[in-house]
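My request is simple: use the sequences and hints to build the entire structure.
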Amino acid sequence: MILKANPENPNIRNIKRAVEALNDGGLVAYATDTNYGLGCDIHNKHGMERALALKGYSKYHALSFLCADLSDISKYARVETSVYKILKRCLPGAFTFILPATREVPKLLLSKRKTVGLRVPDHPVAQVLLKEFGRPVLSTGCTDHKGEMMNDPELIHEEWGHEIDIVLDSGILIGESSTIVDLTDPDHPEVLRAGKGDVALLG
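Taken in order, the sequence shown gives residues 1298 to 1500; the numbers are from the numbering used here.
Quick caveat, the hints were computed from the structure, so don't treat them as lab data.
For every residue, glycine included, the Cβ atom is placed at its ideal position computed from N, Cα and C.
Heads up, some of the hints might be wrong.
Claimed, not checked - Distance windows between CB atoms, simulated: (1) LYS1342 / THR1399: 12 to 22 Å; (2) LYS1411 / HIS1442: 11 to 21 Å; (3) ARG1386 / LYS1443: 29 to 39 Å; (4) VAL1488 / ARG1314: 35 to 45 Å.
Structure (structure tokens):
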């Protein structure tokens, strides 16, 4: 099902329908400040397993998730003062930060190093979705069978229409991946993937 989600003023009724789907263990495609993401409730194991299967990932594939704000991040990651200063400069924004995980992180989302990837998106649809849902949402890019990013909601529906519950249509995105930064050593931030996030903000 495709539901309109204006990128500047999202339709709350449609967002709430997406929230209902997430609460039921469903999968939702939504716009972010980088690309369209595929999301589910990080506390719903069945939903996460469906997302992994749809992407062709094994259960050991590291996944990141979206948080509404910095206070959410501190619940799921150990954040030192120096790290917090970096996060405050960069978020919300097009960064994924790798941080030491707390016990609140579901095992399916943990890497072997006991780290987790976290984002706070700078996009009204993603922000309203997170606020209405009240919990973090899985974040993995919408890619086709060739691994190419799908940033056209019609294409996402065509490719995955029978596999996911709702596509929030915010129009076609000119996508660029997030910048991934390993902050497990706060004195030496390591850029693992250059993307849309401006690395100058890391300090």
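Hints and how they fare:
{"no.": "1", "hint": "LYS1342 / THR1399: 12 to 22 Å", "verdict": "18 Å, holds"}
{"no.": "2", "hint": "LYS1411 / HIS1442: 11 to 21 Å", "verdict": "32 Å, violated"}
{"no.": "3", "hint": "ARG1386 / LYS1443: 29 to 39 Å", "verdict": "36 Å, holds"}
{"no.": "4", "hint": "VAL1488 / ARG1314: 35 to 45 Å", "verdict": "38 Å, holds"}
Comparing the model with each earlier hint shows a violation of hint 2 alone; every other hint is respected.
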